[in-house]
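A.B. asks: Residues per chain, in single letters:
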Amino acid sequence: MTGTERSGVEGTGQAARAGGSGGSSPQKDTAELVRKTAAELGELLSAGEVSAAEVAEAHLDRIAAVDGQVNAFLHVDRETTLAQARTVDERRAAGERLGPLAGVPVAHKDVFTTTDMPTTAGSKILEGWRPPYDATITARLREAGLVILGKTNMDEFAMGSSTENSAYFTSRNPWDLERIPGGSSGGSSAAVAAYEAPLSTGTDTGGSIRQPASVTGIVGMKPTYGGSSRYGVIAFASSLDTPGPFARTVLDAALLQEAFSGHDRMDSTSVAEAVPPVVEAARHADVDGLRIGVVKEFAGDGYDPGVSARFDEAVELLESLGAKVVEVSCPHFTYALPAYYLIAPSECSSNLARFDAMRYGLRVGDDGTRSAEEVMALTRAEGFGPEVKRRIMLGTYALSSGYYDAYYGKAQQVRTLIKRDFEAAFEQVDVLVSPTTPTTAFPIGERADDPIAMYLADLCTIPANLTGNAAISVPCGLSDGLPVGLQIMAPVLGDDRVYRVGAAVERALEDRWGGPLLAKAPAL
Amino acid sequence: MSAITRDEVSHLARLSRLALGDDELDHLAAQLDQIISAVARVQEVAAEDIPPTSHALPLTNVYRTDEARECLTPEQALAAAPATEGQRFRVPRILDEEA
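From first to last, the protein sequence lines are chains A and B. Residue 1261 is where the first sequence ends in the working numbering, and the numbering goes up by one at each step. Residue 101 is where the second sequence ends in the working numbering, and the numbering goes up by one at each step.
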């Protein structure tokens, strides 16, 4: 069904182009609108210089023009989007006080439930599913007046680093269409990097926001665990899953995070503390006197020389901006990856038990002769892809009696040790930095049937998931023409700190480059 | 020495409610063996007397207040069901004996 909807995208695109020739908004304005940041669009909208419908239309036209190459979207519905935009224009016309992002479009990773669009989590088992309720983040962004452009592609149930595990198709990296856009939130990163959306949402369980942001040259933030609601976000590993924003600037990411953050009584692990002042921090790009720790363990073998070089330059830059840089050892971080690949599959094997072919989703083989258990096993075998099956099996193994202490129990102890490493580090420094991911975007297909190689993409991002810390990826340059990301990690509820450092790096690098990194990407 | 046998993989598939064919089980057995050998590195860590951490934040369970709230209507709850009967989910037989 999603396939049909995609061809619908191209159909509406042709209609839009035909309409555009006789329409009121010239091609030039449209091209300019999609290159504006969310903050700029918000100002134009509140000043009445442009309507939400015009902004939405410009982005829908962009999607129609380039998504055939990028494959960022699983679902686009022009009429639903335009109706949302017109409603925002009416709310504004009626004098309603709207937030800074009212009328700005957003693309949602297809893991957030949406009542007016299908939600599949990139899986055949949920093909065509229409959720009966909105995720808290979906609902809050609707209330804030953001307009949903569509649902973005992802690795099935957020398991992967490339979108190659999507049951539908692989998204492309706008910098090089033969390369992966990262994952699991790869449709969301590709959409923002290709100017199809100014903002998008993602989820980060082991790096699924930061790694795709890094390899597509944009900003991606994993908030503090519990700082963003999981209600209505299809679960992968509940103690790790963290929704967060993608944007082309640090300020835009902060604006989006602020718009959906805050305590949610529908999520039992939502934190009650006030939302850190992330927007204010993103506007005060200043690291003078800040203590920055370089994680010693995240360098050396396995890191692209270009990635290491850009990272070292970013550290020098921070020092030149007045930060005090020291090397910090976090000896257990190298055990984060194996611990994660026990903890996350264990939680996934439990969470995905809900796909039982009984209440929603696919049902296979119910011919009146088979038992519920047989139908369940046939449905799950057909509805889940290879990586999801691998992880369910791995989790079932790690949790089974006789192996529990040796694997899951041990991984939980490693989690404690990583937490202690972070605590010791944050006694010495205010933030920690590392490359976001050891390599630039790899070619599609290169790691597709080598799970261990694929898992290495998350080497540097996983520690912050195991301990719930805030962490961001900001662009820090190119290696062989492909983007490199700088990861900045702060203590739990220190989200404002990573925005402050990220914004300082962004400002200094843009001064050096004469504009954003993304301006160097080839035109689509 | 392999970390996991083909028979164990077959048993895991049954526990996981995944009706996998022989080819898929063979393929998975090799991959799981590789993955388990890699993740077994956690056993190198000296973790005697280290308490386990099951969650990122030290949260305690929360209870909602016992009050009526809006919820899904039966029609909404059943809308995506593969099969329904009246206001109920219709499921295949759950007992082994023939009715």
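Simulated from the structure, these hints should not be mistaken for laboratory data. We put the CB at the ideal spot given by N, CA and C, even for glycine. Just so you know, not all the hints are guaranteed correct.
Sample of chain B residues facing chain A (criterion: CB under 8 Å; computed from the structure) [claimed, not checked]:
1) 4
2) 20
3) 32
4) 33
5) 52
6) 54
7) 66
8) 83
Only some residues are given here: those of chain A computed to face chain B with a beta carbon under 7 Å [stated by the list, open to error]:
9) 976
10) 1033
11) 1091
12) 1095
13) 1107
14) 1112
15) 1113
16) 1129
17) 1134
18) 1149
19) 1150
20) 1151
21) 1189
22) 1204
A.B. asks: Using Cβ atoms only, decide whether residue 1151 (chain A) comes closer than 7 Å to chain B, and label the hint accordingly.
C.D. replies: Holds, because the Cβ-Cβ distance from residue 1151 (chain A) to chain B comes to roughly 5 Å (cut-off 7 Å).
A.B. asks: Can residue 1204 (chain A) be said to touch chain B, with a Cβ gap under 7 Å?
C.D. replies: Holds - the Cβ of residue 1204 (chain A) comes within 7 Å of chain B, reaching about 6 Å at its closest.
A.B. asks: Against chain B, run the beta carbon of residue 1150 (chain A) and see if the smallest gap drops under 7 Å.
C.D. replies: holds (4 Å)
A.B. asks: Identify whether the interface hint at residue 1129 (chain A) stands, where standing means a beta carbon of chain B within less than 7 Å of its own.
C.D. replies: OK, holds: residue 1129 (chain A) within 7 Å of chain B, min 5 Å.
A.B. asks: Does the interface hint hold: is residue 52 (chain B) within less than 8 Å of chain A, judged Cβ to Cβ?
C.D. replies: holds (4 Å)
A.B. asks: Tell me if residue 1091 (chain A) is really an interface residue toward chain B, meaning its C-beta lies closer than 7 Å to one of theirs.
C.D. replies: violated (12 Å)
A.B. asks: Checking hints one by one. Is residue 83 (chain B) an interface residue toward chain A, by the C-beta closer than 8 Å rule?
C.D. replies: Holds, because the Cβ-Cβ distance from residue 83 (chain B) to chain A comes to roughly 6 Å (cut-off 8 Å).
A.B. asks: Checking hints one by one. Is residue 66 (chain B) an interface residue toward chain A, by the C-beta closer than 8 Å rule?
C.D. replies: Holds, because the Cβ-Cβ distance from residue 66 (chain B) to chain A comes to roughly 7 Å (cut-off 8 Å).
A.B. asks: May I ask you to test the interface hint for residue 1033 (chain A) with respect to chain B, counting a Cβ-Cβ separation under 7 Å as satisfied?
C.D. replies: violated (18 Å)
A.B. asks: Under 7 Å is the threshold here; is the Cβ of residue 1189 (chain A) close enough to any Cβ of chain B for the hint to stand?
C.D. replies: With a closest approach of 6 Å, the residue 1189 (chain A) hint holds.
A.B. asks: Hint validation: residue 32 (chain B) versus chain A, beta carbon distance must be below 8 Å. Holds or violated?
C.D. replies: Violated, because the Cβ-Cβ distance from residue 32 (chain B) to chain A comes to roughly 11 Å (cut-off 8 Å).
A.B. asks: With a cut-off of 8 Å on the beta carbons, see whether residue 20 (chain B) makes it to chain A.
C.D. replies: holds (5 Å)
In summary, the structure is inconsistent with hints 1, 3, 10 and 11 from the numbered list given earlier, while agreeing with the others.
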